[in-house]
Each structure stands twice: as structure tokens, then as C-alpha cells.
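Colleague: Work the whole structure out from these sequences, hints included.
Residues per chain are reported as follows:
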Amino acid sequence: MASEFRLPALGADMDEGTIVQWNVAPGSVVKRGDVVAVVETDKGAIDVEIFQDGVIREIVVQPGTKVPVGAVLALLESDEAPSASAGPVKTADASPPPSPVIEPAATGARVKVSPAARKRASELGIDVATLQGSGPGGVITLEDVERSPRPSRAKADETVEPKAGDGMREAIAAAMSRSKREIPHYYLSTTVDVTPATDWLAAHNAAAPVAERLLFAALLVKAIALTCVEMPGFSGFYRDGRFEASPAVHVGVAVAMRGGGLVAPAIMETAGKSLTSLMDDFRALVMRARAGRLRASELAAPTIILTSLGESSVDAVFPIIQPPQVAIVGAGEIVTRPWVVDGAVQPRQVVTLSLGADHRVTDGRLGAQFLARVAQRLADAGSL
Amino acid sequence: MTAASVTRITYREAVKQSIREALAADPRVFLMGEDVGKYGGCFAVSKGLLEEFGEERIRDTPLSESAFVGAGIGAAMGGLRPIVEVMTVNFSLLALDQIVNNAATLCHMSGGQLHVPVVIRMATGAGRQLAAQHSHSLEVWYAHVPGLRVVAPATIDDARGMLRAALASPDPVIIFEPISLYNMEGELTAAASEVRLEGARVHRPGGDVTLVTYGASLWRCDDAARELASGGIESEIVDLRSLRPLDDATILASVRKTRRVVIVDEGWRTCSLSAEIAMRIMEQGFYDLDAPIARVCTEEVPIPYPKHLEEAALPSPARIVAAVKRMFSDGQ
Amino acid sequence: MNELPVGLTRERGLHLLHEMLRIRQFEDRCAELYGAGHIRGFLHLYDGEEAIAVGVMQVLGAGDSIVSTYREHGHAIARGIAMGPLMAELFGKRTGCSGGRGGSMHIFDAATRFFGGNAIVGGGLPVAVGLGLAEKLQGTRDLAACFFGEGAAAEGEFHESMNLAALWKVPVLFLCENNLYAMGTALERSESQTDIQAKAAAYGVRSAAVDGMDVFAVEAAMRKAAEHARAGRGPALLEFRTYRFRAHSMFDAQLYRDKAEIAEWQQRGPIITLTTRLKAAGLMTEDDFQRLQREANDEVTAAVAFAESSDWEPIADLGRHVYAEVSP
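Heads up: the sequence lines are chains A, B and C, in that order.
Start counting at 1 in the first sequence, then tack on 8, and there's your number in the working numbering.
Start counting at 1 in the second sequence, then tack on 21, and there's your number in the working numbering.
Start counting at 1 in the third sequence, then tack on 397, and there's your number in the working numbering.
These are calculated hints, taken from the structure and not from any lab test.
It is possible that part of the hints are untrue.
Unchecked claim - To list a few chain C residues with every Cβ distance to chain B over 12 Å, as calculated:
1. Arg510
2. Gly527
3. Lys533
4. Glu616
5. Lys656
6. Lys676
7. Thr682
Claimed, not checked - In silico DSS-like links for lysine-lysine, alpha-carbon gap of 25 Å or less:
8. Lys621(C) - Lys566(C)
9. Lys59(B) - Lys566(C)
10. Lys676(C) - Lys39(A)
11. Lys278(B) - Lys127(A)
12. Lys127(A) - Lys346(B)
13. Lys51(A) - Lys656(C)
14. Lys59(B) - Lys120(A)
15. Lys596(C) - Lys621(C)
16. Lys656(C) - Lys39(A)
Don't be surprised by glycine CBs; every beta carbon is placed ideally from N, CA and C.
Modeller: See the structure below:
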């Protein structure tokens, strides 16, 4: 029967060989143990023996040809099969055993914070105990710290991507809890007749190209900013046991994210901006906020925040201050209400403005003044 | 041992008693090595034993480390319980082939058929101005090899009891005896039969920092701990006792408690046992650490001859104190 | 030299030949299996040296210990390690005599006191001294037999071991298989004194040179040496002068020796020599010879089948046998 003579593996590191000489030809009778060929390898020429008795039928690989181990070199007629099948041999499944998994031992109640996260939290003034960890086993990672609301100062202006949804909700929850724990809030609200402002707005928008149209919120933001310049006790940061007024006023605007959650990026240098420019910023911020492309500096920068639920039907908002800020302004929906003007009841556009402020820095008297000044500015929208 | 009889002996005497007891208790035990007989032992450990037990059981060997360590391996496989004394770890290099290629591998290569219950004692360490070729601390080389057990008795109790535990083991055991401890005197507090071959021991409890160490450095840590305590820092000292296997559980429990670790290792810093221990702490106790792991090792230099240079090279209580204090400065 | 021992029976003669044929068949089959990829790593074959293993093993008893080299298959077979587990070991299967863990160079069998297989040239000599020492201290008449090649005479461990064994009168027999080449280095290129057995004089050790191609000469020399050791007179060194017909290992182009030299030695080989002499003395026919060949061949074939059908050790057991698996 036909049988194959293959190039044997002669060494642990032999992959191939070149036939340099055949000692047999078709028709040669071979015996087990005969040296039938000479093969050149890295180590030199090696005699190759055949392990079958038989007659050579055909030389398959000619001298001078390099072939891999296991290649068929010749065919022969033999009464016996080679006692061992040549070629690649199936070995045991070579996949290595899984490395012993060495895990940090359970450490009990201690909060697990990575060193990188701990360092960053310290820079930002964040208490790691308020954070939820997203790393394996609940470890608080660097990302958890970066994502937590209100880091006090961003070092680099990298883009952060607040993810709407559970993670954000948790982060907000932590921040809000901390705020209510640490900041002695007092609240004031006032309902303001803003018909002059809304009239002015309508007139302005009718005459302006689309790109220059304004929202009421822009007026509000500007009014707040100018008031903050006058009354710096409402714009700044309370840290390390003392308040520092911010040299510039950056009003943060709360933007609702699709899927839940809130971010409040700042319109930088709000007091100095024209309404149009302020509006541009505002639009851009909203777009970027909803696309998750806010810069860390924008999130870290606000010195006071306006949160407006103008599109939902609540009259007043009593918001929670975002530390380390010291005040937050809320605005409800602009509604038409009966109002007394010059002794007569008339339908007017009114909105309830509210102020939450840090009683360590200001008090009700100052707060009332603040709201009054904001209201006054709104009454003279053209001067904003 | 009764409460009335508190035994104070030297480390040397403790080792000697352990050898005597082994020879008396088991006729299969014999001691062989250079100058263990007529000379009484290079460090006087076996003084008097030749007279007591005779030449068959206390065998002076020629200067043939490879041959007599190999013979110890063969004799152990042949049914005896040899205690092979290599005068110092410095000369053990000549027997590395027998230890690493035979003692450590025979059980495994034979598929578990053969055991090699040989005990090899080696003196180790520096501090006596013996210069570069006589001052090595190469425990880590042996601790690296699967198949060997490596122990480092640093206390009087362990010097007294570890040999017995080693002889009872079916595996090859290397016992490192610090040369600088032979003269140390102390109290025997445990019976020899209570001493285990494995497991680290908290030598001194404390809450502020963990000092992990072995061998002669245990007492350097002890001195350092006293000085640190006077400054208000309480050190917990973990005596490793067994270098292979290492007792991760005891080390990590201490780290969890103190959050700060200094490893004190008489080997050279590079690729040392301290590196292995630090890595295990990193793997298993990463989140327990309040500061980076520190280590105090021998400086990267062949041990020099002059006293002041040798002292500067080796771990010292002063260097250990400084390393601990660094962990507490900068308001960390 | 060319005469058979007086009183040699046909049975005994055939037995010795059969033993050598078993080794030769096994080794040749290993060559084939290696080329086919079933045996891996290093493979050192014993063709041409069979008379030494067979002659020596006629003298050793069940209580004697054996330390060997990486060219150990012949020793193992002649000692009585079954071919099945031996072949399975070469395949790396769990049914191998070392559980598959050692391979060709690390054959161990506690039952026959076969203490390995050592891949370090000279590495086994000190261990053999220790095994002999154990027998002496335990008061038995058993000895340790240590095989090594002439290349080991250059290693320090050879000299240390000879000295220590002589000094302590250890019952160990140093059995040097001088096949003239230490891998690719001829004896005269590595030894200042090529008369290996003469080195024993420096240590006060009894020694002799023996024709390693003559199984009777081997046996006779071994008997004398064993008696010397068992009587407590110390070690002995026997230098068996022999030749290996195959290369040092499988992957060896043999650039260091002449084909003519190999051919010449093959004519003086142990199997050819004994076959010729037995036939000439009328103790064996060609049919006998063929029958012995067939029996040996069948035995090897069965061993291969056993090895091929055996299981691999599961990877989950990787960490076993690093330490003893008994409690002390």
C-alpha cells in the first residue's frame, strides 16, 4: 500500500530543512533504519533514516528545496504503515491555567479610594465619603471624583462628559446632601411684575434676526450678574471656613439633561457681556451640555447659579446652593396674573424670583436687597 | 518549662541545643559540614558534639560544598535525616546546582515519588567587617525557588525550635542563621515543640506603622521602634520567620491596621525580598495604604571592609527611624 | 575476550542478548517517534552502549540504588522499569514513570530505586555518594551505582565526590561510560589525562578499564567492584570503554566525528558481538535471533500503544508535587 515518508523533527528548535542529497531513487528497496536522505539544517547536514521497509515509488521533494518539518518527501510502497503518525501531534489543551486571582482583601467599612482619586478629591475639596464608587468592588476612582458636581476649581480645561442618568443622579444626590448639611440656607422670594421686560423682549425679538433673538432668561442672567457686582456677598466661594468674593462674576445656568439630571455651566464674565453675546453663550452651553461636551472649567466656574423652571408650571423654586458657592437664584414660570396697577386690577406678566443664600455670608436684609435690585433691573430691560 | 525556671541562653546555645536534641531523639539524624567536628563549628555552634556523639554522626567534610550538599540530598532520599551545615551562605554558591537542580526538583521531577527531607543550615549576614565575599544576605535567591522551604529564625525561641520543625518536614528546608545574632542572649519563652516552620509573628504590636522584617534586622527594627515610641509613633513589627512560603495573611492584617509599611531587608534593594513583599501588599492591600510602601535595604554596593562604610551600607535603626518619620511628615 | 564465559548456558546467553535487543529496539523506536513529534525536548539514545546497562544490572540487587544521566533509557529498561510507563514518560503522559513531569532526561522509579535521570553533567555524583552513605550508616550491604559519561570527569563534582566517597569509604560505584565524545568534544580535546580510570588513583580509589562492548566483561568487572564496596572497603571506579552509534542527541549533525569511525565501531557493537559468538558456539540459531527481535519489537509496540492511549495530566494539577503531598 502507498505510504508517505515525511521530514522528521530532529530537534526542539528545528522547523524546516533542505534536502541536499537522496541516497535512494524510485525503485530502491529500503529497510527500516536505512539512511535515505541527507538534510541540511542550522546545525549542519543530518542523515535522515526511514522507519519502514518498502520500495520507493516517487521522490516528491528534490534536492535544494527547503521544506517544513512534516512535509512529504517521498512516496513508497510498504506493507507496514509507519508505526507513528508523523506531522503535528495533538497535545493537551495548552491554554494555561488561570493565574491565581489575587484580590484586595475585604477591608470592611473603610471607603476604598484609589490614590489618584484621593489626591484629586483633596485638590478639589471634595469629601470622598460623599462619593459613590464606580470601580470594581465599589472603589472610588479618579473618574468618580471628576464627575462629581462642583469641583471647586478645575485644573485643566478638559472636556468632561457628564453622563445623564443614574450616575449623575447619584452625584447630584451626594452634592445636594452635602450642601444641605453644611450650608445654613435662608430663603426669600418675591413676585415681580415683569411686563415691561416681556414687552421690551417682544419688541426686540420682532425686530431682530433669528440669531439675535433673546430669551427672558438672558435678561434675568444679566440682571443677576450686574447685581452681584454691586453686592459681592452673593457671588464667590465659601472655603476653609471663610468666604472669598469672586473678582469676576460668572453666572451659571442650570440646564436640564435629557434622561434626567442637571448641569450648570457658567457664562463667563457675565456682567460685561452684551445681551446678544450672553444669549449666544447660553445657546452654545445648552447645546454642548445636552451633547455632553462641556468643559470642566465651565462646570467649575460659576460664582452663582440661576435655576429656572420657566417651562414647567411652578410658581416658585427654592433651590439648593451648590457649594462652594454662597447663593442661588430661582425663577418660576412667567404667568399672567391679576395685578394691581395704579389702583386697578389688571392682567400682568409676573414671575416669582427666589433666592437661597448662605447665612454665614449674608442675611435676610441683604438678600431682600439683592432681589429688589434684580427686579429693578428687569424693569429697565433696555439698560441691561 | 516551669514559671520558676526562666531560661536565658544565647542564640548560639539555642541552635546547639536544637542539634543535640535532634541527634539524641532520632538515630537517622547526623550533622555534616566543614569544621563542625574537631573545630567545634566555625561559630562554635557544634562545640562538644563530636565528643558526645562520635564521628559517624558529626562528620567533618572536605571543602567540597557541591559534594557534601549533594550527599546530604542523597542520604535524605536514602532514609537518613542529614543536617548539612554550609559554613556561610557565601560558600553555598558552590552548591547551588545541587540545591536548585536537585533538592528543589526531585520531588517534582519524579512525579511525587521521591521526597528530599534534607535540612541545610547556613550562616548569613554582614556586620563584622568581613568584606564583600563574606558578607552576603542571599536568602532571596533561595526563597525564589519552588520546591525549597526557607526559614529565618531571628529569636531565641525560633533558634531553638525551628530545626526540629525542619527535620520533621519531608521537604528540603534551608535555615538561615544570622551570624550577628549568635552572641545575642535572650529568654526562651516557648517549648521547642511549639515552634512552627511556617507563619510570621507579630513581634511587637503597634498602631501607627508596620515594620516587616526578618533575621538580624528584627532587632534593628526593635531598636528603631523604641526610639519612635519616644516620639509618639507606635510601630508594629512583623517577624516573617518563614521566607518561603511568606505569610501574606499576617502581613496584610498588620497593614490593614496601621496603613503604613516599611520593609526592612538586609539584602540589596534591587530584586530583593522587600520587592516581593511590597508587591504582595500592593496586590492585596492597595486600598489599605495611606502612604507609599517604603523599604530600608542594604545599599547597592559590595559590602566594604571599613566599619563606618559597612554600617552606612547596612540597614540600621537610624535609617529605619528616618524612613518611618518621612512617612509622617508633610502632614500626610 | 573473544570467548564466552565458561559454562555459559544457552538460556543465559539468550537472556543477555534479549535484554540488549530490547534496549536497541526501544531506542530506535524513540528515534522514529521523536521525528514524528511524539517525543519532544532532548532525546539521548543509547545505541551501542547496551552491554554496559545489561552487564551492570546483572549484578545490582533490589536494595541497591541507581543514579543515572540523561542517556538513561538503557539503564531504566535493564533495571526492570516497564516499557509502557517508560514510553509514556517520554510522551509526557500522566501514566509515565515520573507522572509525565520529567520526560526523557528525568526517569524516576521509587520501586526499583532508580533515582533519576539528571540533566546536569556530574550532578548525580554527589547524590549517589549520599545514597551510598545512607546504606553504610544504616548498616546494610547495599550500594549506590552512579552512571556518568567521561565528560563528567572534567566537572568539579566528579573530583569532590570521588574524594568524599573514598575518605568516608562510601559504598558507591562510579560507573563511567566513556564513549569518547562529550556531546561534540572528543576526549583528547578536553582531558589532560584521557585515561579516566587512572584518575581514581589520585583519590585512593580502586579502578579498572573495561571493554564496554562485551557484556560479560562488564558483568565480571562489576561483580568484583560490587563485592569490594559491599565489604566496606569503599568506592570503586569502572571505566567502560564504549561508543555511541547515534548522535549525541537527535538534533546533531555530528560534525565532530567521522562516519568511518562510526562504521568501524558498529562492527564491534555489543549485539553483533554477542550474536556472532552465541551462534559460533552453537547456543543460538538465526530463528532464535529473529524470535528475540520480534519479541522485543512487540514489547516496544505495545509500549507505544500504551503511551499513545494514555491521558495527559490535567492542567489544573500543574501546582502538584512541588512539595511532598503527605503530612509530615
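Colleague: Which earlier hints can't be squared with this structure?
Modeller: Those not satisfied are hints 1, 2, 3, 14.
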